[in-house]
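Here the protein sequences come in this chain order: G and D. One rule links them: number in our numbering = place in the first sequence (from 1) + 4. One rule links them: number in our numbering = place in the second sequence (from 1) + 21.
Mixed in with the good hints there might be a few duds.
In silico BS3-like links for lysine-lysine, alpha-carbon gap of 30 Å or less [stated by the list, open to error]:
id : chain 1 : residue 1 : chain 2 : residue 2
1  : D       : K112      : G       : K435
2  : G       : K359      : D       : K112
3  : D       : K209      : G       : K435
4  : D       : K169      : D       : K209
5  : D       : K209      : D       : K112
6  : G       : K359      : D       : K105
No lab work stands behind these hints, which were simulated from the structure alone. Since we're looking at a predicted model, the values are computed, not measured.
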Amino acid sequence: MSSAYGGAHAQDAHAHHGPTGWRRWAYSTNHKDIGTMYLVFACVFGIVGGLISVLIRMELQEPGMQLLAEGDYHQFNVFTTAHGLIMVFFLIMPALIGGFGNWFIPLMIGAPDMAFPRLNNMSFWFMIPSAIMLVGSVFAGDGAGTGWTVYAPLSTSGHSGPAVDMAILSLHLAGASSILSSLNFITTIFNMRAPGMTLHRMPLFVWSQLVTTFLLLLSLPVLAGAITMLLTDRNFGTAFYEAARGGDPILYQHLFWFFGHPEVYVLVLPAFGIVSHVVATFSKKPIFGYLGMAYAMVAIGAVGFVVWAHHMYTAGMSVDTEAYFLAATLVIAVPTGIKIFSWLATMWGGSIEFKTPMLWAVGMIFMFTVGGVTGVVLANSPVTTAFHDTYYVVGHFHYVMAMGALFGIFAGWYYWIGKMSGRQYNETLGKGHFWLTMVGVNLTFFPMHFSGLAGMPRRIPDYPDAFSGWNYVSSIGSYIGFAAALLFVYIAIRTITSGERVGANYWGEGATSLEWTVDSPAPHHTHETMPHVR
Amino acid sequence: MKMVRKAAGAFVAVAVAMLAMAHSASAQAGFGAPKPWQMNFQEPATPVMAEVVSFHNFLTVLITLISLFVLGLLLYIIWRFNAKANPVPSKNSHNTMLEVVWTVIPITILVIMAIPSFRLLYKADVVPDAAKVREWYGINVAGTIDIKAIGNQWFWSYEYPNERIKFDAFCGVGPIEGACFSQDATPKRPRLLATTESVVVPVNALVRLLTVGQDVIHAWAMPAFGVKIDAVPGRTNHAWFVATREGTYFGQCSELCGQGHGYMPITVEVVSQQRYQQWLTSKRAEMAVKNGTQFAAN
Ligand code: HEM
Ligand SMILES: [Cu+2]
Ligand SMILES: [Cu+2]
Chain G
5 MSSAYGGAHA
15 QDAHAHHGPT
25 GWRRWAYSTN
35 HKDIGTMYLV
45 FACVFGIVGG
55 LISVLIRMEL
65 QEPGMQLLAE
75 GDYHQFNVFT
85 TAHGLIMVFF
95 LIMPALIGGF
105 GNWFIPLMIG
115 APDMAFPRLN
125 NMSFWFMIPS
135 AIMLVGSVFA
145 GDGAGTGWTV
155 YAPLSTSGHS
165 GPAVDMAILS
175 LHLAGASSIL
185 SSLNFITTIF
195 NMRAPGMTLH
205 RMPLFVWSQL
215 VTTFLLLLSL
225 PVLAGAITML
235 LTDRNFGTAF
245 YEAARGGDPI
255 LYQHLFWFFG
265 HPEVYVLVLP
275 AFGIVSHVVA
285 TFSKKPIFGY
295 LGMAYAMVAI
305 GAVGFVVWAH
315 HMYTAGMSVD
325 TEAYFLAATL
335 VIAVPTGIKI
345 FSWLATMWGG
355 SIEFKTPMLW
365 AVGMIFMFTV
375 GGVTGVVLAN
385 SPVTTAFHDT
395 YYVVGHFHYV
405 MAMGALFGIF
415 AGWYYWIGKM
425 SGRQYNETLG
435 KGHFWLTMVG
445 VNLTFFPMHF
455 SGLAGMPRRI
465 PDYPDAFSGW
475 NYVSSIGSYI
485 GFAAALLFVY
495 IAIRTITSGE
505 RVGANYWGEG
515 ATSLEWTVDS
525 PAPHHTHETM
535 PHVR
Chain D
22 MKMVRKAAGA
32 FVAVAVAMLA
42 MAHSASAQAG
52 FGAPKPWQMN
62 FQEPATPVMA
72 EVVSFHNFLT
82 VLITLISLFV
92 LGLLLYIIWR
102 FNAKANPVPS
112 KNSHNTMLEV
122 VWTVIPITIL
132 VIMAIPSFRL
142 LYKADVVPDA
152 AKVREWYGIN
162 VAGTIDIKAI
172 GNQWFWSYEY
182 PNERIKFDAF
192 CGVGPIEGAC
202 FSQDATPKRP
212 RLLATTESVV
222 VPVNALVRLL
232 TVGQDVIHAW
242 AMPAFGVKID
252 AVPGRTNHAW
262 FVATREGTYF
272 GQCSELCGQG
282 HGYMPITVEV
292 VSQQRYQQWL
302 TSKRAEMAVK
312 NGTQFAAN
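So that you can see chain D by itself, here it is in the shape it has in the complex:
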């Protein structure tokens, strides 16, 4: 048991190291989008996703070894026990010891797998406070922000209830019948990923995300953050993230919501505190200009 606990601790260490490496390797801003022929996760931008990546790396090694073990046995059997090589079949059909072994070993592997899995689940799923985040990851949390993401057919609306900000984010530069302009696509604003307005959050802030569906179920997903949470009509779901790296990150709606499902992407910009304050000011001014816009406090 103790060993397992230690192994779980090692995961966190590896994850944090990986995150640090990712940061120092590229001092420039993060860019959370898929790359051509990509075969693995996007680079993590939150400590939780870094843990998911390292846990998944462990799982991948494990399942590859298991698959290769089965393949190896099959190939050996094919070579050794084909009718030419072994004309007379044996008649063995029982071996209690063997049966116990191939029950007990998988159970052991699963227990070893389950422990870090549970720990990560409880971390990732329950919204922590700043003290917890510091304890887990040594991050000095720069404030707490609540954001409400509302899934609509087929765009996301966002509210920052404490900042009295509210806006819609469409695919590309404007909505046309649930479709999305692609003429303005650039490498920095990829087709089907960039939105008209971005969600802006300060780096190292604890973001508490609430989701709700306006019409049908949608899902707010951000691969680099390790966040995916359904936006369901009539209930409020929650998720959280602390993005430790400035940059632009993209995600897509991840629950089938009708014909425009592929056309309601999500863009998050992680910026410095200072830029965040500037953004808030300009956004509030914009809201004031459009004084027809009513703010609904939840």
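Okay, chain G solo, but in the shape it has when bound:
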């Protein structure tokens, strides 16, 4: 990989005649400006979603009702629903795909911009009404207390009022935005690579985005159909999910998870891509087993489409169906293992510098391993009969998302902020942010496995007194984690306003992909004449 970009030409900035002021952003068709807007959007909603999680943990800090009044249990469900949807659709996806994807796909493949710049603008601006509707749903009527999975019939006959309709429309808009982005990214990656950059020379971050956008393109229409049927069941008298009139509530679960399982890989594959770049850069070595790494992601994507019902082991499927989903789910662990071992092999023999992005990447590798192995436990349906809908599952998916995907986001941010802003973060603060987060998230999520083993169900506002010990620890952990998030906001503002200025390739010999050949900050227009990749 490393020498593949040797012949690339650096591009000079050149005068830019586009709109300025607010028009520059509102009308933007520039992949970098749109990427920046996505990153700011993700940061804002990350704080909002994080704040809601603190409210959840305050309520659960001790047995009995803490924050909410006795009897106000529905509000708790509204919090967990909003937290889940915001973190998935308004933090992780906008940051990894809209943010880093927009910024770095064109830079890495030597394209001047995305294939459809106006579509790109539209994708971003769909997110604003989507977010407004979701946040609005918290305040409209009683709020949507369905969980992020929005299972029927709780979401149909079980919820009157406008809140659930608003949440559904929010998902429609966010989904449309992602489908449009996916079309745009796929077209860009297939058609706008610089001469010489074959698919097999393409940086792994771009591979990760290619697989991710395919997953989105194929799974989101199914979600859209599923939630449209929710909408018509709610408002127009259809009965797709109403058993009494010939519908089937379990149909909704199949459709949701047909989207839902690929979606969880949508959240983590781009983080895989980032970690590959960071690990290679700071080890000063090319990535180990490049083709294996690329095709492991393709395999994860493909197999990810045929494992969805491992979320439904207690729904009453036939035993043979369960056996199939058990086997298929175990298979995913193989390509996932290949990723982990290839990262280790990349580091092996390297001359590793543990700058902040590398800390996040190494942290991600280990924390994701922990989440991955509990996933393997959960694949075993007889064991998951005990674990389903307990805190063990909550522990599992926070290890892969709050540590896997989110650590990937932070690795990417510290790695590229100099390229995006032209200014470098403060190393001491960055490391402090990493360690504070490590302590916070592990204190929060590790004890959840114990609560789950002891039998604590998820999505309850109050719990039997015996569960109080580990819940207290989790709550303290979450406050530390949130403090770390606030520290990040401070670091980000400080970097952008007064960070040290950096040059084109501030990481040195290990940083070999094309974005390091352009100035920092990357000029408004880059690669206007095609770089040639040997």
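Go by the hints and put chain D with the ligands onto chain G.
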């Protein structure tokens, strides 16, 4: 293959031994509730749960070793290949042998894991007859009982169709708007776990449980039995258990069902045959008194 089969057999042996040990260790009645700072499963009260526990113990050892292996490699790499210790990076980026190894070894581990998993799945999921239970666990089954659990917002209703018994079980001592009294909580009747009426079953009986949802989806869960099954409107799900230990066992609804979701617990009392018969008699008398109560045969 044979070795794997043997390993699977070993699981059952360990599980049955564990169950026996649990029984002899505490001659007194079982109490199926979480304990403060608990870090593992509750003590199993059915042979299936005992197998789940031993299978899960195996899985936990396995995943701990894998995680420690990855952690160990990372720490070694950090120590050995940091820029100070190793100023000149190597350029190796391929090793086909290595890549084959780290594909094949995980596959082997997964196959070893899958075989006992499948066996346990087919045992736990398909409702057996008394002969099967005897064959698997050497338990002489004391009769077969059908119980229907109906999930309502926010309490469970139970029917014993063959006994013409039907009752509702609320959280604590009575329902108030989906909430639950906690004043009467005692160590034996824990808050948010004890119900107004218990499901009563005789020890060593084969209980066939049917679940259905009245309004939205609920899930009937009993950690010490290894049972969790959704109660879905418009379909009847089934599960089974043979509780081998007298005592009181608690569980909670395990599918989000609205605001009272945390307030519809489940209590099962496992009693001797004799006490079970007494309970049936008193329950039938109670039903007769409330002669307004209609029994709906499914
Ligand atoms: C080795 C790979 C993995 C395996 C075998 C696996 C397996 C599972 C299984 C079986 C469940 C269902 C548990 C239950 O509800 O009873 C589950 C839940 C979940 N997993 Fe994973 N998982 C893996 C990796 C991931 C990754 C990479 C992510 C996301 C980045 C993820 C996110 C989730 C989420 C969000 C849930 C819970 C969904 C919900 O019920 O709300 N998993 N996983
Ligand atoms: Cu899944
Ligand atoms: Cu419930």
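These are the hints, each one checked on the structure:
no. : hint              : verdict
1   : D:K112 <-> G:K435 : holds, 28 Å
2   : G:K359 <-> D:K112 : holds, 21 Å
3   : D:K209 <-> G:K435 : violated, 50 Å
4   : D:K169 <-> D:K209 : holds, 26 Å
5   : D:K209 <-> D:K112 : violated, 66 Å
6   : G:K359 <-> D:K105 : holds, 13 Å
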